[in-house]
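Chemist: What follows is the residue order along each chain.
2 protein chains.
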Amino acid sequence: MAKPSPVSPLAPTHVPAMPAIAGVRLGTAAAGIRYKGRTDVLLAVMDKGTTAAGVFTTSKCPSAPVEWCRAVLKGGKAQALVVNSGNANAFTGKTGKTSTKLTGDIAAKAVGCKPNEIFLASTGVIGEPLDASKFNCVLDKLNETATPDGWLDAAKAIMTTDTFPKVATAKVKLGKATVTINGMAKGAGMIAPDMATMLSFVFTDAPISAAALQALLKAGVADSFNAVTIDGDTSTSDTLLMFATGAAAAQGAPKITKASDVRLKAFVKALQGILNDLAEQVARDGEGARKLVEVVVEGATTKASARKIAMSIANSPLVKTAIAGEDANWGRVVMAVGKAGEPANRDKLSISFNGIRVAKSGARDPSYDETEVSNAMKNDKVQIKVALGLGKGRDRVLTCDLTKEYVAINGDYRS
Amino acid sequence: MAKPSPVSPLAPTHVPAMPAIAGVRLGTAAAGIRYKGRTDVLLAVMDKGTTAAGVFTTSKCPSAPVEWCRAVLKGGKAQALVVNSGNANAFTGKTGKTSTKLTGDIAAKAVGCKPNEIFLASTGVIGEPLDASKFNCVLDKLNETATPDGWLDAAKAIMTTDTFPKVATAKVKLGKATVTINGMAKGAGMIAPDMATMLSFVFTDAPISAAALQALLKAGVADSFNAVTIDGDTSTSDTLLMFATGAAAAQGAPKITKASDVRLKAFVKALQGILNDLAEQVARDGEGARKLVEVVVEGATTKASARKIAMSIANSPLVKTAIAGEDANWGRVVMAVGKAGEPANRDKLSISFNGIRVAKSGARDPSYDETEVSNAMKNDKVQIKVALGLGKGRDRVLTCDLTKEYVAINGDYRS
Numbered sequence: 001m002a003k004p005s006p007v008s009p010l011a012p013t014h015v016p017a018m019p020a021i022a023g024v025r026l027g028t029a030a031a032g033i034r035y036k037g038r039t040d041v042l043l044a045v046m047d048k049g050t051t052a053a054g055v056f057t058t059s060k061c062p063s064a065p066v067e068w069c070r071a072v073l074k075g076g077k078a079q080a081l082v083v084n085s086g087n088a089n090a091f092t093g094k095t096g097k098t099s100t101k102l103t104g105d106i107a108a109k110a111v112g113c114k115p116n117e118i119f120l121a122s123t124g125v126i127g128e129p130l131d132a133s134k135f136n137c138v139l140d141k142l143n144e145t146a147t148p149d150g151w152l153d154a155a156k157a158i159m160t161t162d163t164f165p166k167v168a169t170a171k172v173k174l175g176k177a178t179v180t181i182n183g184m185a186k187g188a189g190m191i192a193p194d195m196a197t198m199l200s201f202v203f204t205d206a207p208i209s210a211a212a213l214q215a216l217l218k219a220g221v222a223d224s225f226n227a228v229t230i231d232g233d234t235s236t237s238d239t240l241l242m243f244a245t246g247a248a249a250a251q252g253a254p255k256i257t258k259a260s261d262v263r264l265k266a267f268v269k270a271l272q273g274i275l276n277d278l279a280e281q282v283a284r285d286g287e288g289a290r291k292l293v294e295v296v297v298e299g300a301t302t303k304a305s306a307r308k309i310a311m312s313i314a315n316s317p318l319v320k321t322a323i324a325g326e327d328a329n330w331g332r333v334v335m336a337v338g339k340a341g342e343p344a345n346r347d348k349l350s351i352s353f354n355g356i357r358v359a360k361s362g363a364r365d366p367s368y369d370e371t372e373v374s375n376a377m378k379n380d381k382v383q384i385k386v387a388l389g390l391g392k393g394r395d396r397v398l399t400c401d402l403t404k405e406y407v408a409i410n411g412d413y414r415s
Numbered sequence: 001m002a003k004p005s006p007v008s009p010l011a012p013t014h015v016p017a018m019p020a021i022a023g024v025r026l027g028t029a030a031a032g033i034r035y036k037g038r039t040d041v042l043l044a045v046m047d048k049g050t051t052a053a054g055v056f057t058t059s060k061c062p063s064a065p066v067e068w069c070r071a072v073l074k075g076g077k078a079q080a081l082v083v084n085s086g087n088a089n090a091f092t093g094k095t096g097k098t099s100t101k102l103t104g105d106i107a108a109k110a111v112g113c114k115p116n117e118i119f120l121a122s123t124g125v126i127g128e129p130l131d132a133s134k135f136n137c138v139l140d141k142l143n144e145t146a147t148p149d150g151w152l153d154a155a156k157a158i159m160t161t162d163t164f165p166k167v168a169t170a171k172v173k174l175g176k177a178t179v180t181i182n183g184m185a186k187g188a189g190m191i192a193p194d195m196a197t198m199l200s201f202v203f204t205d206a207p208i209s210a211a212a213l214q215a216l217l218k219a220g221v222a223d224s225f226n227a228v229t230i231d232g233d234t235s236t237s238d239t240l241l242m243f244a245t246g247a248a249a250a251q252g253a254p255k256i257t258k259a260s261d262v263r264l265k266a267f268v269k270a271l272q273g274i275l276n277d278l279a280e281q282v283a284r285d286g287e288g289a290r291k292l293v294e295v296v297v298e299g300a301t302t303k304a305s306a307r308k309i310a311m312s313i314a315n316s317p318l319v320k321t322a323i324a325g326e327d328a329n330w331g332r333v334v335m336a337v338g339k340a341g342e343p344a345n346r347d348k349l350s351i352s353f354n355g356i357r358v359a360k361s362g363a364r365d366p367s368y369d370e371t372e373v374s375n376a377m378k379n380d381k382v383q384i385k386v387a388l389g390l391g392k393g394r395d396r397v398l399t400c401d402l403t404k405e406y407v408a409i410n411g412d413y414r415s
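Protein chains in written order, with the numbering used here: chain A, 1 to 415; chain B, 1 to 415.
These are calculated hints, taken from the structure and not from any lab test. Please note that the accuracy of each hint is not assured.
It does not matter which identical chain is used: a pair holds within one copy or between any two.
[Unchecked claim] Quick list of in silico lysine-lysine cross-link-like pairs, DSS-like style, CA-CA up to 27 Å:
{"#": "1", "residue 1": "Lys404", "residue 2": "Lys381"}
{"#": "2", "residue 1": "Lys348", "residue 2": "Lys60"}
{"#": "3", "residue 1": "Lys303", "residue 2": "Lys360"}
{"#": "4", "residue 1": "Lys60", "residue 2": "Lys360"}
{"#": "5", "residue 1": "Lys74", "residue 2": "Lys94"}
{"#": "6", "residue 1": "Lys348", "residue 2": "Lys101"}
{"#": "7", "residue 1": "Lys392", "residue 2": "Lys265"}
{"#": "8", "residue 1": "Lys48", "residue 2": "Lys134"}
{"#": "9", "residue 1": "Lys101", "residue 2": "Lys360"}
{"#": "10", "residue 1": "Lys218", "residue 2": "Lys258"}
{"#": "11", "residue 1": "Lys94", "residue 2": "Lys360"}
{"#": "12", "residue 1": "Lys176", "residue 2": "Lys269"}
{"#": "13", "residue 1": "Lys97", "residue 2": "Lys114"}
{"#": "14", "residue 1": "Lys392", "residue 2": "Lys381"}
{"#": "15", "residue 1": "Lys134", "residue 2": "Lys392"}
{"#": "16", "residue 1": "Lys60", "residue 2": "Lys385"}
{"#": "17", "residue 1": "Lys265", "residue 2": "Lys348"}
{"#": "18", "residue 1": "Lys255", "residue 2": "Lys171"}
{"#": "19", "residue 1": "Lys303", "residue 2": "Lys60"}
{"#": "20", "residue 1": "Lys97", "residue 2": "Lys348"}
{"#": "21", "residue 1": "Lys48", "residue 2": "Lys141"}
{"#": "22", "residue 1": "Lys404", "residue 2": "Lys378"}
{"#": "23", "residue 1": "Lys381", "residue 2": "Lys141"}
{"#": "24", "residue 1": "Lys360", "residue 2": "Lys141"}
{"#": "25", "residue 1": "Lys308", "residue 2": "Lys60"}
{"#": "26", "residue 1": "Lys348", "residue 2": "Lys94"}
{"#": "27", "residue 1": "Lys97", "residue 2": "Lys360"}
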């Protein structure tokens, strides 16, 4: 194991106070799954009638908990979420499936519901069997002691190589009631199956049907978690779940059955804000990251084309090492545009770093001041903007720089 | 600029003696394009009647010399090749085009041929105008002094961040004559537009028509240069050219007009050997590389599917940092298989490192010995073999590990 890293210099300076969500109780415990001296299990207990939605990794080799969640999601109902860190229960064959079934049974018994109302997520080492019997007494006890508070503790219990817990919250009007949305995430470098994976859980007391919740979540993920990359490596375990207890109906919140319901306008905006916030925090905790990088591509033929080009730039090791070196190396950006395979015309291309245009019309911009650019690159947030000059397609992707620390975190820990 | 790196520990221990090729003369010079105290221009002069073939980068933002070569290749005839290092003449707008035209004119005048029989390649910094007037006296003089020897000098003149020159040679029967094939390449980390790009030039005295030569080269590149990746970043300048002087016809070599001609059997094999050899040398000189990595995927549904999965593994920063850490981290290989998007069944998957199977049937192989694997990973060549168990598709890709030196070479040089 790597030595624990110091907190990322890009960590948010303000951590919001997390309010309670009516119908949700949280408990954490140290079950000794892999780590010592820290919590590694989270139980979230939700009131009867809670609806559920989820989006998952596109990996062709997903973890056992991902397969479990996909199956139970068909029911659309949730009464508990069990998350463990330290072991991803991925690539564990039949043992993995047995393990999720046992965990589901233990949790269902503890909470008093059916196993298909239990959601599971695991993060940590891959390929190691997960001994689900460790949950046996733990979940019983957690169900008894779980409280509406403790959101930050919950976010800490699900961390792996994360250097800080990630939470976000919002209150918003739904009808005449005020509803709350709380979210948490873990992921540092994402996407590192031996060390980390992206998990995120969002809770609300708004009364929203499972189908509507699923549509909202799917729409919300496109420009948040799906627009973040640390190293281009996709986890076997990426999981984003959302739960709606409906408790706000007692305060007069209308029951929502369609994602297109106009009364959801403020809610949708707040949810998007939380997903964006958590996704940015994941980029800010990228393994070894010293700079947050925002890649903006505009003037593409379509938004999808802009996304593909932005991802090509954000995943380029040469672009990312240049940012680490505080070098406004637009040649490498051209390279990454060129390799994306999307429509691009060299002679119409402009590139800016933190608002300073360094290249235009297929050549170096003769007017830029090297010292000004060098100073701008010292900022801990770097925006790379590429204007293609072809159409109206625009997109934005977040990433971080590629440092020697990334190599150390992912390459040194066996030595 | 980075400090010159010491020679890669993966450099071949044997450098072949390079024979002359009838109809080819070589000359190198120090034109002061960017570097000091070293040669940076290569002129290869070829006899009238030489045929030409070429394959180029798939980048949508190719360099000016790539666009020049694509245009002149239509004629299929070559009398000279001019290569410079230190400046890639890429993303230089109209200036770049003017520069290639001027270089072509200067070379054509020096050699005594038409500009559309001149091939150009440039490698080095991107975005800087290339002052072609520097070739003015140089090419005249080089044409006068060029000799059939000096292949290693030629390979040195085209280097950028390469730590060793890359050459390969073969002699083979064509009809009753013995023909020669000589090749050279440059590229270290490939694919780094500010520092390096992949260039390769192959010469033969075999009498082969331009159309047949093009078909041979295109077929030969698929499993050699197209099966190598250092960092997944595609250069704006990748260029592979092949020239056939036809001089061996005087020794009785048959004139070949079709790539499918059965008399070419030995020639095709030898050409493939040279392209494979040069491509492997590029991987061995990968920026910061300490280990050569061969990724073999078998049991895929098709060869193309196997290639895609092998490339996903070979380009994964997490797999590459694990190899740098001498860690047989098969969890990351599973991740890379999963993210490739190709047919894969976790429960049928087996993974070996240097012949030692560490995972089978969707779980850790209980029989492997951790000490044995750890020792195997200390080797400077690591083979990752993935058996998918789905079909007969098989492919192989070469890459290298991702080390802190890679980050230093590409991130530190401005500091």
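Chemist: Out of the numbered hints, which ones does the structure contradict?
Modeler: Violated hints (numbers, rising): 15, 17, 23 and 24; every other hint is consistent with the structure.
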